[in-house]
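Going down the list, the sequences are from chains A and B.
The numbering of the first sequence is the UniProt record's numbering, which starts it at 1 and goes up by one.
The numbering of the second sequence is the UniProt record's numbering, which starts it at 1 and goes up by one.
There could be a bad hint or two in this list.
The calculated lysine-lysine pairs, modelled on DSBU-like cross-linking and capped at a C-alpha distance of 30 Å, are [as the list claims (entries may be wrong)]:
#: 1; chain 1: A; residue 1: Lys111; chain 2: A; residue 2: Lys124
#: 2; chain 1: A; residue 1: Lys212; chain 2: A; residue 2: Lys20
#: 3; chain 1: A; residue 1: Lys141; chain 2: B; residue 2: Lys248
#: 4; chain 1: B; residue 1: Lys18; chain 2: A; residue 2: Lys111
#: 5; chain 1: A; residue 1: Lys124; chain 2: A; residue 2: Lys81
#: 6; chain 1: A; residue 1: Lys141; chain 2: A; residue 2: Lys81
#: 7; chain 1: A; residue 1: Lys81; chain 2: A; residue 2: Lys212
#: 8; chain 1: A; residue 1: Lys212; chain 2: A; residue 2: Lys240
#: 9; chain 1: A; residue 1: Lys124; chain 2: B; residue 2: Lys18
Keep in mind that the hints were calculated from the coordinates and are not lab data.
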Amino acid sequence: MSATSPGPIIETRELRKVYKGRAVVDGLNLRVLPGEVFGFLGPNGAGKSTTVKMLLGLVLPSGGQVSVLGGSPADPAVRAKLGFLPEQFRFQTWMTAEEFLNFHGRLAGVKADELRARIPQVLKTVGLDGRGGESLGGYSKGMLQRCGLAGAILARPELVFLDEPTSALDPIGRVEVREIIEGLRANGVAVFLNSHLLSEVEQVCDRVAFVKEGRVLQQGSMQELMGGVIPVGIRVDAIKPGLLEALARLGEVRHTDTQTPGRAEIELWLQSADAVPAVADAIHASGARLHALTPRRPDLETMFLDLIEDRPAPASTIAVTPEAVRA
Amino acid sequence: MHNALLIAELSLREAVRKRLVSVLLILSVLFIGFYLYGIYRLEMNLNERALDAGLDDRSLNGLSNAPVMYSAMFGMYLVYFLGALMSVLSTVGAVSGDIENGVMQSVIARPISRAQLVLGRWIGFTVVNVVYVALLGTALLLGLYAITGYLPPSPAPALGLILLSVTLLTALTVLGSTLFTTLANGIGVFVLYGAGFTGGILTAIGTFSDSPTLVTLGRAANVLMPTNALWLGSSYLLQPPVLLEISKATRGANPFFGSDPISAGLVLWAAALAALAVAAAMWLFSRRDL
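Bound conformation, chain A alone (with noise of 0.2 Å):
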């Protein structure tokens, strides 16, 4: 490893998970990078939940190795640096929000000085400010969620796993979080998002792993995962002799569609975003009429699909990465 590149903080090799004879987890290879939001990604039962579970020392591994900010999750002394809002996120439900935030925080070695002045300001972050005196056993199943999202935050955590941290969310909540997010990764903190709200990782991953029967099919950035194509929706009024001749000379039209009279629209996967002038000069060229050019983020739905379902999908889209193999 070079020294301007640091070194993962999350990285497994060949990790396994075994119960009862059938391997949840089946040699699976990760690498989460520091200050980046990792989003990862796969269908129900495809290990994903056990991955994070090992990776916070809660279950412990059949086989493999992992490493978690360079030591093992089973030490205290990582997990202290380490942020967790669970899937059933489940509190002493007796507790006020300020007991529960502030038993976390003394777990996490946070001084006491210093959790008078956290709490409030975490709380004020998720949006319960004022309701920290309010026992948790009257909140909503939002109201629980923040909490334990207010929990995840409150130690300063270096990496904060988020086990589907929207799921009792209203679209403002959703929203939020989003924005707890990002100010997380302006900090640098590495955030491990595992959600099934494909449009919510889309928006604030940098990078993404899809797992399936315990092995990660591929990771890498949206861009990397697309085979580094970036997808461009052009709408014309007609598709004029030789457009689409000119146009697979910039990339690979992907596809037509005539059927609404009067307009035609064109999908075209461009290997940078710099040949975008030259498709619109390509279209005035051609004396079509140019209505619309969105160079577009690849959908992350559709490579989610592609991937799990095992549909078949043109050689040119498939990023093999060194982590995309079978781990």
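Please build the complex by placing chain B on the supplied structure of chain A, with the hints as guidance.
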């Protein structure tokens, strides 16, 4: 150790906030009041009978005071039984309950070792149970003394043996809580408690019928689960000479009260068993998946 004490503090606060302590205090005051009222009425009856018989006073240590002495014995048996019940019921979900309701995940993800968590839970619940039984036993004996002027011999060591029994039961319940579900643990510990009581009955029958096999079986049960043996040792210390003579005359036929002192070895074994149970709980919980 800091984290273990933090968990112990949590357990104590949990007991208070879940109204375990307040419910116990109210019910215990009712129990003590009811029982002492019965003793008060008994004392009045005995005094009336003594006056009717032309006696100025009754001997506190004589046979005429046997009903009061037995009241003290059965009262302390109830204290022991309530203590055992409390030890199991309060602690039965100490670890398993938190696993089952999902609380454990967020706690264990913190920089606390699992051994510290188990130790803290045991300390917290042991403090609650021991303080409760100590207060209950002391209140009963002081009330008895205030009403009748009678105090059983060696009350402090007798209460000490009961408290050791409570400590052991709490430790075994915490151990079960790291291994089994809450329901299975509760059933399991009560069965163990029953095994100890069975040991006492077998020993009593074996002694009464002069059957060495039954006595050996009873002793084996006492070693496996020494709680009942601790009570019998405690009851021996609570009995004045006149009751011990009755007990010996009937060759220990009463399985509720001991007619022989408990051996120091068995007391040490009970203490060691409690320590072993906590150590095993710490070790086993450190190796299980959550």
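Which hints, by number, does the structure contradict? 3, 8
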